[in-house]
Amino acid sequence: MNDGNSITGVVIGINGNMVTVEVTSGKPMQNEVVYVHCGQDRLKSEIIRIQGNIVNVQVFEDTKGIKVGEPVDFSGELLSVELAPGLMGMIYDGLQNPLRKLNNRDGFFLVRGQYLPAVDLEKKWLFHPKVKPGDTVRAGSWLGWVQELHYPHMIMAPLDLIGTAKVKEIQPEAEYTVQDTVAVIEDTKGRTQNIAMLQTWPVKKPIKAFTERIYPRELLATGIRIIDTMFPVGRGGTACIPGPFGAGKTVLQQLVSRYASVDVVIVVACGERAGEVVDTIYEFPRLVDPKTGGALMDRTIIICNTSSMPVAAREASVYTGITLAEYYRQMGRDVLLLADSTSRWAQALREMSGRLEEIPGEEAFPAYLESRVANLYERAGLVQLRSGDMGAITMIGTVSPAGGNFEEPVTQATLKVVGAFLGLSRKRSDERKYPAIDPLDSWSLYMEHLHDDLNAQLDPNWVEMVQQIARYLRESAEVGRMMTVVGEEGISIDDLVTYLKGEMFDAAYLQQNAFDAVDASSSIERQIKDLKLMHRAVVTSFEFDTKPKARQFFANLQDAFYQKNYCALGSDEYASYQARIEELLASGSPA
Amino acid sequence: MIKTYTGITNIIGDIAELDATGVAFGELALITNPSGESTLAQVIRIDREKVSLQVFAGTKGLSTQATVRFMGHPMQVRFSDQLLGRVFTGSGAPMDGKPPLESAPAVEIAGPSVNPVRRVVPANFIETRIPMIDLFNPLVESQKLPIFSEAGEPFNELLARIGLQAKADIIIFGGIGLKFDEYIFFRRTFENGGVMDRTVMFVHTAADPVVERLLVPDLALACAEQFGIRGKRVLVLLTDMTAFADALKEISVAMEQVPSNLGFPGSLYSDLASRYEKAVDFQEAGSITVLAVTTMPGGDVTHPVPDNTGYITEGQYYLKNGVINPFGSLSRLKQLVIGKVTREDHNSVMNSMIRLYARALESKKKISMGFEKTETDEKYLQYGDLFEQRFMDLKVDIPLNQALDYGWQTMAECFSPQEVNIKRDILEKYWPKSTSEASAES
Chain A
1 MNDGNSITGV VIGINGNMVT VEVTSGKPMQ NEVVYVHCGQ DRLKSEIIRI QGNIVNVQVF
61 EDTKGIKVGE PVDFSGELLS VELAPGLMGM IYDGLQNPLR KLNNRDGFFL VRGQYLPAVD
121 LEKKWLFHPK VKPGDTVRAG SWLGWVQELH YPHMIMAPLD LIGTAKVKEI QPEAEYTVQD
181 TVAVIEDTKG RTQNIAMLQT WPVKKPIKAF TERIYPRELL ATGIRIIDTM FPVGRGGTAC
241 IPGPFGAGKT VLQQLVSRYA SVDVVIVVAC GERAGEVVDT IYEFPRLVDP KTGGALMDRT
301 IIICNTSSMP VAAREASVYT GITLAEYYRQ MGRDVLLLAD STSRWAQALR EMSGRLEEIP
361 GEEAFPAYLE SRVANLYERA GLVQLRSGDM GAITMIGTVS PAGGNFEEPV TQATLKVVGA
421 FLGLSRKRSD ERKYPAIDPL DSWSLYMEHL HDDLNAQLDP NWVEMVQQIA RYLRESAEVG
481 RMMTVVGEEG ISIDDLVTYL KGEMFDAAYL QQNAFDAVDA SSSIERQIKD LKLMHRAVVT
541 SFEFDTKPKA RQFFANLQDA FYQKNYCALG SDEYASYQAR IEELLASGSP A
Chain B
1001 MIKTYTGITN IIGDIAELDA TGVAFGELAL ITNPSGESTL AQVIRIDREK VSLQVFAGTK
1061 GLSTQATVRF MGHPMQVRFS DQLLGRVFTG SGAPMDGKPP LESAPAVEIA GPSVNPVRRV
1121 VPANFIETRI PMIDLFNPLV ESQKLPIFSE AGEPFNELLA RIGLQAKADI IIFGGIGLKF
1181 DEYIFFRRTF ENGGVMDRTV MFVHTAADPV VERLLVPDLA LACAEQFGIR GKRVLVLLTD
1241 MTAFADALKE ISVAMEQVPS NLGFPGSLYS DLASRYEKAV DFQEAGSITV LAVTTMPGGD
1301 VTHPVPDNTG YITEGQYYLK NGVINPFGSL SRLKQLVIGK VTREDHNSVM NSMIRLYARA
1361 LESKKKISMG FEKTETDEKY LQYGDLFEQR FMDLKVDIPL NQALDYGWQT MAECFSPQEV
1421 NIKRDILEKY WPKSTSEASA ES
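Residue numbers (this note's numbering), protein chains in the order written: chain A, 1 to 591; chain B, 1001 to 1442.
Not one of these hints is a red herring.
Below 16 Å or equal to it, Euclidean Cα-Cα: the simulated EDC-like pairs (lysine to aspartate or glutamate) are:
(1) A/K166 / A/D135
(2) A/K67 / B/D1019
(3) A/K549 / A/E489
(4) A/K64 / B/E1108
(5) A/K67 / A/D41
(6) B/K1050 / B/E1017
(7) A/K433 / A/D519
(8) B/K1232 / B/D1081
(9) A/K208 / A/D389
(10) A/K204 / A/E82
(11) B/K1098 / B/D1197
(12) B/K1379 / B/E1413
(13) A/K124 / A/E173
(14) B/K1340 / B/E1127
(15) A/K67 / B/D1047
(16) A/K529 / A/D519
(17) A/K549 / A/E488
(18) B/K1423 / A/D516
(19) B/K1366 / A/E489
(20) A/K67 / B/E1049
(21) B/K1366 / A/E488
(22) B/K1423 / A/D559
(23) A/K64 / B/D1047
(24) B/K1179 / B/E1157
(25) A/K101 / A/E122
(26) B/K1395 / B/E1153
(27) B/K1167 / B/E1127
Because the hints were derived from the structure by calculation, they are not lab data.
With the hints as constraints, model all of the structure from the sequences given.
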C-alpha cells in the first residue's frame, strides 16, 4: 500500500463524473480511492485508469463546481467497506453511508462530500471469546462472537491474513466497541497485530477465506410456486429475472426478499426508483421473519443507490452488496443477495467507458461487460468454511432489457453465467397472469443437477412429476396455438382435455396472488402436497362425450384448486376443497 | 470573482470552446457577441485550459470575437412566491412582459437527490374526474406518470385538463419544444380555469434554441422542490419529454459521445431518471407529482425514449385513438389507494369492468372474423358500447364515486349478478336493486 501522504495531484480536466488528475509526485495505484477537492468539500472518487502521470478518476458525487488546479488527496486504499457487528437492519447508500444518520444530520437532501462510519462506533457489544492464547488461527477464523439481533455475529481473524497466526492475547467476556482490541495475534514471522471487531475489505476483491466451493445441494425455498417447483434456484446458486417494464420484476423481487427462507437478505437497489425502497423501509420493520420471530428488517440490509444518485456510486453499490454478503457467509450464514437491476449497473459501466473513450462493443457497452458480469455472479456460491461449517450466497439479479428484448448484451452476458433464467413475459403480465415468469421459456439448470437431492429431500418422484406436468403444459400450449387457427371445432376432445389440463395447472398452480395473505407465499411442505394432487389431476385420463362437458368439468376442477390456494394449509376449508377435488377426479375418470 | 475572456477558438454544433482558467465545472457564462446580443452558456467539459460551453441560444451567428464572462455559479432559478402567475423562457427569462425577479433568492437547479429515508409511502388519491384514470388507474400523490401518446392525439388537452382538475396547491408547467399555439392553449386554459395565480410556466417553444429544452425540466423541478419542502402539494406538468431527449441526443453527438441506441447517449436512462425521480412525498413536508407527455415516434413503445421512461416511471397512461387505453395503461401505485382511501367496492368494480370489457372486445373480434353471434355475445357487445360511451370518452367529467355508481349501473344493465365475478358481500351491498330485479325477471 502507498503511504497516503507521499502522493500529490491536481485536477486537469472534468468531463461529467470523470475527472482527470495529473500526479505531481508519488505512484498511484489502480482502483485507489482519492478525494477531489471542490471548494470546502472533498469528493470521494476511484482511480479507473492510469496513463503515466495522468490518472482518470470516477467521482462518486456530483462534479459541479470542480475546477482545474484543485488538489487531489490520495488515500492509498482501495474502495472498501466496513465489516463489523451493527450492519444488520441498516440502510446504506452505494458507498455504505448510513442513510438514516445522514437524514438526521443533513435533512431532506443528500449533501455531497459527507461520509459517515457504516456502523455505530460508540455502541458496546458483549464479546464472547472462542479461542485461547496459543491457538492457531487463519484468515476468517472465529475468535469470538457477539449477539447481533437474532444471530451470533462472529468476530474473525483478519480476512486478508496470509498463512497462519497464533493467538497471543484474547480479551475476556466483556463489552467492547467495534474499535477496541479484542485479541492480539502473532504471525509466523513474529509480527503482532491487534484485532478489533471492525475490519475493512476492498469491495472489488472476493473474500475467499474458506476451504472450498461446493455445488449447491438443496433448493432455496422462495415461496413462489413457479420458481420452487418449476425452476428451482439452488441454495448458493444464481438466477436472473429479466423482464420488460411493468412485467412485475419489482413485486416478484420484493416477495422473494420477504419470504425466502434464508438467514440474511441483502437488497441492492441499484439505479431503480427510490419509491420501491421506501416500501421496504416502511414495511419490513413491521413484518415478522418466520425463522426468528423478529422483524423482517432485522435480517435485511438495504443498499440503496437509486436512479437519481450519482452513477459511479451505482457501479460501486453492487460490489458493496456482494462484499457484505461474503462477510456474513464467512460466519456460516445463508445469505440471499438481490440486485435490482443489474442492467443499471451495466449502464453505469457503459457511461464510464464512453467517457474513457474506449472502443465500444455492442450497443456501446464496453467489451469487458461479459467478464464483469461473470465475475460478479461467480462471487456467489456455497462454501465450506475452514471450521467445517457451510455458508452460502444465493444471488438473484434482475435485468431490464431495452425494449423488453432478451437479445441485448446484458441479458445475454447474464444468461451465460447464471444457473436459472426466470424470464418475465409481457404477454403474461398483460393477461394479468402473475408472477409473469414464462413457464415455457424459462429454465433452471438446478432441476437436473439437483435431481437426486430434490427427490431425496422433497418426494421420491419429485423431478419426474414436475417434468411430466411440464410436458403437458407444453402440449397444452401447442393445442392452444392450434385452436387460434382452426377454432375449438377443429380439435379432438382429447386435445381439448390436454389443453384444459395445461390451463388448469397454469391458473391454479403457477399463478399466485401476491396480495393475498395466504396465497402470497407457499411453503415447500405445501408445494409438495399441492403438486402431488395437481399431478394426479393432470395425469388421470378422463373421458367426455362432448366438449362442453369437458369444459364444465375442468371449470369445476380448476375452481376447486384455485379456491384451495386461498385456504391455509391444515385448515378445514383446505381439507374440504381437497375432498372436493378427490370427488371430482373420481367422477370424471373412467372406472 | 467574475472573469471575462475574449475570443472563442472552436464552435461545434451548439458547443463553443475557449481557453480559460479558474473555471468550475457546470459554471454559467454569459457570451456577448460584438453586436451586443448575449446568451447564457454552461460549462460541460474542461480539459486543462480548454473549456467547452453549451450555448443556450445556440451558436448561430456566434462570433469568435465574442466575450465570455464566467458568473462564478451554476445555473440557478430565482425562487419566491412571486413566481406564481408568471411565465418564463427555457433560460429562465420572463416572457410575460413583467420584470425579472432579481431580488428573490437564487436556487441551484438539478440539485442533489432526496434522501430515500426522507420519503414516505404515498397514500393520497388525486381525483382527476376522468373515469379512465380515477376508476381504473388512479393517480397517487407524488407519483411520476407519463402519458404515452403519438403526434395528433389530444395529449396536451388531457394534460391541461388533469392540471386544472387535480386540485394541487401549485401547478408548475414545463413546455419543451411547444408549438406557439400549444403554448397559447395552455396559458389560456390555465387563465380561464382560474388557476393561473397558483401556476408557474416555463416555456420553450419550437422556435427557441434547442439547448434551452434541456433546462426546462430542471427549472420546473427546482421550483417544485422549493414549494415542496415548504409543505405545498405540487403538480408538475411536462410536455413533451421526447423533445427533451432529442435535445440530449443533439448535444451528445456534438460532444462526440459514443451513442448507444438510435443515436441516444448511453446516459439517457440516468438523464431521464434524475428528472423523474424528483417526484416525491416528503416526510413532514409537501409533495411533487409529475405528469409528463412522452410522444412515441411511430407509436413504437420500444423506442428508447418511451422504453427508458417506462422503466423509470410508476406506470403510464396510453392515449391512443383519442381515448385512454385501459389495457396498456398502468398505475403502479394504485394499490396504495384503492379501497384504502377510495370506496370499498373500487377494487371489485375496477377488476370486473376491465375483465368484462376485455371479453367484449373478444366477442367483437370473433364476430368480425365471421363467427356466429351468440346471445352471450350480444350482452357483451352492448356492455362494450356502453363502456366506451360512459367511461372511455374523454369528454366524460365525473367524480370517482359517481363513476363507481355508474359502473354498477352499467354492469346491471347488461348482466346478472352471477356473471360479474364479484365477492358476495360487496355485490349485495352495491348491486342496483331495481335493475337486478328487472333483469332477473327477463
